[in-house]
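A.B. asks: Chain by chain, the residues:
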Amino acid sequence: MQLNSRSFRLGELAAALGLTLRGDSDRTVRNVATLGRAGSDDAAFLANPAYKRALDYTQAGVVVMTPQAADDFTGNVLLSDNPYRDWARLIKLLRPQPAGSPGIHPSAVIAADADIHSSAHIGAQTVIGSRVRIGKAAVVGPGCVVDDDVQIGEASRLVGKVWIGGQAVLGQRVLVHPGVVIGADGFGLAMSEGRWHKVPQVGGVRIGDDCEIGANTTIDRGAIEDTVLEQDVRIDNQVQIAHNVHVGAHTAIAGCVGIAGSTRIGRYCMIAGASGVAGHLTICDSVIITAMSTVLDSIDQPGEYGSGIPARPHGRWKRLLVRLSQLDDWARRLRRLEKNQ
Amino acid sequence: MQLNSRSFRLGELAAALGLTLRGDSDRTVRNVATLGRAGSDDAAFLANPAYKRALDYTQAGVVVMTPQAADDFTGNVLLSDNPYRDWARLIKLLRPQPAGSPGIHPSAVIAADADIHSSAHIGAQTVIGSRVRIGKAAVVGPGCVVDDDVQIGEASRLVGKVWIGGQAVLGQRVLVHPGVVIGADGFGLAMSEGRWHKVPQVGGVRIGDDCEIGANTTIDRGAIEDTVLEQDVRIDNQVQIAHNVHVGAHTAIAGCVGIAGSTRIGRYCMIAGASGVAGHLTICDSVIITAMSTVLDSIDQPGEYGSGIPARPHGRWKRLLVRLSQLDDWARRLRRLEKNQ
Amino acid sequence: MQLNSRSFRLGELAAALGLTLRGDSDRTVRNVATLGRAGSDDAAFLANPAYKRALDYTQAGVVVMTPQAADDFTGNVLLSDNPYRDWARLIKLLRPQPAGSPGIHPSAVIAADADIHSSAHIGAQTVIGSRVRIGKAAVVGPGCVVDDDVQIGEASRLVGKVWIGGQAVLGQRVLVHPGVVIGADGFGLAMSEGRWHKVPQVGGVRIGDDCEIGANTTIDRGAIEDTVLEQDVRIDNQVQIAHNVHVGAHTAIAGCVGIAGSTRIGRYCMIAGASGVAGHLTICDSVIITAMSTVLDSIDQPGEYGSGIPARPHGRWKRLLVRLSQLDDWARRLRRLEKNQ
Numbered sequence: 000m001q002l003n004s005r006s007f008r009l010g011e012l013a014a015a016l017g018l019t020l021r022g023d024s025d026r027t028v029r030n031v032a033t034l035g036r037a038g039s040d041d042a043a044f045l046a047n048p049a050y051k052r053a054l055d056y057t058q059a060g061v062v063v064m065t066p067q068a069a070d071d072f073t074g075n076v077l078l079s080d081n082p083y084r085d086w087a088r089l090i091k092l093l094r095p096q097p098a099g100s101p102g103i104h105p106s107a108v109i110a111a112d113a114d115i116h117s118s119a120h121i122g123a124q125t126v127i128g129s130r131v132r133i134g135k136a137a138v139v140g141p142g143c144v145v146d147d148d149v150q151i152g153e154a155s156r157l158v159g160k161v162w163i164g165g166q167a168v169l170g171q172r173v174l175v176h177p178g179v180v181i182g183a184d185g186f187g188l189a190m191s192e193g194r195w196h197k198v199p200q201v202g203g204v205r206i207g208d209d210c211e212i213g214a215n216t217t218i219d220r221g222a223i224e225d226t227v228l229e230q231d232v233r234i235d236n237q238v239q240i241a242h243n244v245h246v247g248a249h250t251a252i253a254g255c256v257g258i259a260g261s262t263r264i265g266r267y268c269m270i271a272g273a274s275g276v277a278g279h280l281t282i283c284d285s286v287i288i289t290a291m292s293t294v295l296d297s298i299d300q301p302g303e304y305g306s307g308i309p310a311r312p313h314g315r316w317k318r319l320l321v322r323l324s325q326l327d328d329w330a331r332r333l334r335r336l337e338k339n340q
Numbered sequence: 000m001q002l003n004s005r006s007f008r009l010g011e012l013a014a015a016l017g018l019t020l021r022g023d024s025d026r027t028v029r030n031v032a033t034l035g036r037a038g039s040d041d042a043a044f045l046a047n048p049a050y051k052r053a054l055d056y057t058q059a060g061v062v063v064m065t066p067q068a069a070d071d072f073t074g075n076v077l078l079s080d081n082p083y084r085d086w087a088r089l090i091k092l093l094r095p096q097p098a099g100s101p102g103i104h105p106s107a108v109i110a111a112d113a114d115i116h117s118s119a120h121i122g123a124q125t126v127i128g129s130r131v132r133i134g135k136a137a138v139v140g141p142g143c144v145v146d147d148d149v150q151i152g153e154a155s156r157l158v159g160k161v162w163i164g165g166q167a168v169l170g171q172r173v174l175v176h177p178g179v180v181i182g183a184d185g186f187g188l189a190m191s192e193g194r195w196h197k198v199p200q201v202g203g204v205r206i207g208d209d210c211e212i213g214a215n216t217t218i219d220r221g222a223i224e225d226t227v228l229e230q231d232v233r234i235d236n237q238v239q240i241a242h243n244v245h246v247g248a249h250t251a252i253a254g255c256v257g258i259a260g261s262t263r264i265g266r267y268c269m270i271a272g273a274s275g276v277a278g279h280l281t282i283c284d285s286v287i288i289t290a291m292s293t294v295l296d297s298i299d300q301p302g303e304y305g306s307g308i309p310a311r312p313h314g315r316w317k318r319l320l321v322r323l324s325q326l327d328d329w330a331r332r333l334r335r336l337e338k339n340q
Numbered sequence: 000m001q002l003n004s005r006s007f008r009l010g011e012l013a014a015a016l017g018l019t020l021r022g023d024s025d026r027t028v029r030n031v032a033t034l035g036r037a038g039s040d041d042a043a044f045l046a047n048p049a050y051k052r053a054l055d056y057t058q059a060g061v062v063v064m065t066p067q068a069a070d071d072f073t074g075n076v077l078l079s080d081n082p083y084r085d086w087a088r089l090i091k092l093l094r095p096q097p098a099g100s101p102g103i104h105p106s107a108v109i110a111a112d113a114d115i116h117s118s119a120h121i122g123a124q125t126v127i128g129s130r131v132r133i134g135k136a137a138v139v140g141p142g143c144v145v146d147d148d149v150q151i152g153e154a155s156r157l158v159g160k161v162w163i164g165g166q167a168v169l170g171q172r173v174l175v176h177p178g179v180v181i182g183a184d185g186f187g188l189a190m191s192e193g194r195w196h197k198v199p200q201v202g203g204v205r206i207g208d209d210c211e212i213g214a215n216t217t218i219d220r221g222a223i224e225d226t227v228l229e230q231d232v233r234i235d236n237q238v239q240i241a242h243n244v245h246v247g248a249h250t251a252i253a254g255c256v257g258i259a260g261s262t263r264i265g266r267y268c269m270i271a272g273a274s275g276v277a278g279h280l281t282i283c284d285s286v287i288i289t290a291m292s293t294v295l296d297s298i299d300q301p302g303e304y305g306s307g308i309p310a311r312p313h314g315r316w317k318r319l320l321v322r323l324s325q326l327d328d329w330a331r332r333l334r335r336l337e338k339n340q
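Chains as they are written, first to last, in numbering that gives the first Met the number 0: chain A, 0 to 340; chain B, 0 to 340; chain C, 0 to 340.
It should be emphasised that the hints constitute simulated quantities derived from the structure, not laboratory data. Keep in mind the model is a prediction, meaning the values are calculated, not measured. For each residue, glycine too, the CB sits at the ideal point set by N, CA and C. Please note that the accuracy of each hint is not assured.
To be verified - What follows is a list of derived Cβ distance ranges for each label pair:
id	chain 1	residue 1	chain 2	residue 2	range
1	C	GLN340	A	LYS51	44 to 54 Å
2	B	THR73	A	GLY302	38 to 48 Å
3	B	TYR56	A	PRO97	24 to 34 Å
4	C	THR73	B	ASP284	33 to 43 Å
5	C	PRO101	B	ALA110	15 to 25 Å
6	B	HIS313	A	ALA110	48 to 58 Å
7	B	LYS317	A	THR281	19 to 29 Å
8	C	PRO101	A	SER191	51 to 61 Å
To be verified - Calculated pairs, BS3-like style, for lysine-lysine (alpha carbon to alpha carbon, straight line, at most 25 Å):
id	chain 1	residue 1	chain 2	residue 2
9	B	LYS135	A	LYS197
10	B	LYS317	A	LYS317
11	A	LYS338	B	LYS338
Chain A with its partners taken away, still in its complex shape:
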């Protein structure tokens, strides 16, 4: 874990981050760690007050936290009003992501009419199709397939083993993790004479600036119009975004979520893990869906929604299922009791 790490004196670090240091500005840190494991040359952070007890025994060279949290702490502190964000900024300084070196790996296969910026990096075994455009400082990692007519904006990064087609257009600084498939056909079928007929999918995909797409997530191309992610949409692993879904800016979608076709999700929504959203719905801005919920109706009021049932010991759960089957009977018994009163 010493790889690619840089060392900073705490004074330098505070200056680079624009934060106030309380403590020894000459102390040097070289790496990051949790409060529990940090040594004297590691930086650590405290964002969740539930972990405050760890301050009693941490050996960290410096801790990023709020002034309130730091009150009784005698070690070195970088004071922050948003410790988790400033922790993110600190890691970027101490553990900088190696930039892709400009150039095309000799094993890559590039269409003659692809337009690849001279500062872009194309990795080993990657295939770039016709009329593809790859922007300034973009990185297409090893083992990717970028199909014809796709556009990848400045400083975007396909980590590796990504497939992009469907005439997808990615904005700037889009980060796409391995195994992602963007722009495959949506599920369009017409039944006639006892068999399915495929409805060709000819829409595209548009992905805004600063989006992040987690490993093995799939985002289908539109049927006729485009599937759209506005800017700063953050999607975790194994999420399925069907054709013509529209996701508003700054929305975050956790792992294993499925969103069915033509649904419109607002801005600043958060959809927790393994939830499903049915097709052709409209979810307004600032909606939170809790884990493993089934969204079957449009939502027009911000707030939290859910239908996930917490697991119980098997015996109790079995009995509850029996009770559920009795509810019809209970309805009758309740009415009878009321009549006979």
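With chain A's structure known, arrange chains B and C on it following the hints.
C.D. replies: Here is chains B and C on its own, set in the frame of chain A:
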């Protein structure tokens, strides 16, 4: 979106589709669009009466719809008794899928004893194993791995980045989207002396003609006998089909569904998104499973089944969960009231 | 299915497996089959008493089963106290997995400073990054990407099209199926000034000896510390393991399960298909989670837990949903009845 589109006079288009044109047979269309966005040289369609209002303002050069829907419409119409199917046929004319050019990309790695039809296309960076057979006009796109002994039938197409092994046999016109894995080992484990022992998976996979497999879907090889998809099975993205599952012809399975081992699904079934079907069940023909349902028992009557719970506002859902925990208590109270009557 | 199969006389087979043969030691078997389809040169097995009826008509050359099950059976039997485990051992004899031939395929791209054991196999089109270490007799199949600083232990096997990064360290005999992504970034985001800031993920992944990872499963690298699978963890297809999850030894996780960040799962647990486990929980040893359950709380007692609701016919399910909405009203009516008693 002008790519690969052809232009047709409406008279030609009607003739090619075998439909009746009501309107100007000399008008030319070049592309497809939704009713809302179509211009005068676009074809559009109306299949769902809910969208009929869009006819009032559409600028489409022609609309595919039923005679009833077209009643008050003054624009050009292609009359159809199944507009969605005929729309599919129209797109195929206006936006033909480019055929794979025959031949093997020089970067592909092909086993010496693979049997590849001279009209087949093998894409860049693809790997073809020993004794593989690739049929007439089949396409194996870029970045695929086709393991030893796999057979791919005439006019089938692996779009790209597909892995196929497990001695899978694909029929004709099978369409496989990126990230699909067909023929990996199923989950076979025996516990003995406190640890797991892998049960080697030696069955195959058979996929019938005209099946379509969505992006990042997985279909395991059988344990001993084969995993089977009959003809015209349509599977969406991120579906998991376990070992020895048998799916009947013309069944459609939406995104994120999981089907556990040895379950048999009938013909003409429809399984909606994110549902799960337990192992060793038999589901008869013509069963519809609604979204996010849990199928734990065999089904022997056609019809619709489900157990998905629609999400509610958080406060109401929390209260409902409390009510559920009270049901045991309520049962007692109901009985007491009835006794005391 | 004759591929790679060996023939054995039953006497040899019994000796090789250390089992007692009842029957003709000179009979030869060449392959494996189910009881229903086996011919006279096939071995079959009976582990589940529910299938015992098949013994009446099986043509199998030999059947692996318990002495009790074999009581009335007149054919050849290999007597076993754990037929499923011994069946696994038998298949390994009759259908040996071809070993990877040592060597590096000429189309693979290998970093100059990668350390690959001379007995390891590197497949076609595979990419191996800087400082990667590949152990003795390990196999990295075709189309894999192994990113910088990854270590793969002795006799481990990446079947093909696997992506591994995040400085993952795999133990010995780890089996990784196609489409798996190990070591991609976890979902770490800080909100500030109305937009998301990525929290760089710098932890690793450690995977113990004898683990198996199913197709298209994703295992994220840790945020700061590592994501960990202890030894002999068995994971099915399309499972999502988020950053800093810790899975205890001998735990099995079925298809489509999602485990959110920082959750700790005990040893000898079994999590059935499509269940979800929320983040930051602790699940003790020997817990069974039934299919499609939602685990929202830590569990400190071994045993079975669940919340999956079995699907019902649509009409009955719709009525039950109505009943659920009435529970608040019922609570009031029950109280009123009790008061008026």
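A.B. asks: Each hint: holds or not?
C.D. replies: The hints, checked one at a time:
Range check, GLN340 (chain C) to LYS51 (chain A): Cβ separation about 52 Å, and the 44 to 54 Å hint holds. For the hinted restraint 38 to 48 Å between THR73 (chain B) and GLY302 (chain A), the CB-CB distance of approximately 46 Å keeps it satisfied. With their beta carbons about 54 Å apart, TYR56 (chain B) and PRO97 (chain A) fall outside the hinted range of 24 to 34 Å. Separation of THR73 (chain C) from ASP284 (chain B) is about 39 Å and conforms to the stated range, judged on CB atoms against 33 to 43 Å.
A hinted range of 15 to 25 Å for the beta carbons of PRO101 (chain C) and ALA110 (chain B) is consistent with their spacing of about 18 Å. Between HIS313 (chain B) and ALA110 (chain A) the beta carbons are some 51 Å apart, a value that agrees with the proposed interval 48 to 58 Å. Here the CB-CB span from LYS317 (chain B) to THR281 (chain A) is close to 25 Å, well matched to the stated 19 to 29 Å. A hinted range of 51 to 61 Å for the beta carbons of PRO101 (chain C) and SER191 (chain A) is consistent with their spacing of about 55 Å.
The straight-line distance between the Cα atoms of LYS135 (chain B) and LYS197 (chain A) is roughly 21 Å, inside the 25 Å bound, and the hint therefore holds. At most 25 Å may separate the alpha-carbon atoms for a hinted pair to count; LYS317 (chain B) and LYS317 (chain A) meet this at roughly 20 Å. Taking the CA atoms of LYS338 (chain A) and LYS338 (chain B), the gap is about 15 Å. The hint holds against a cut of 25 Å.
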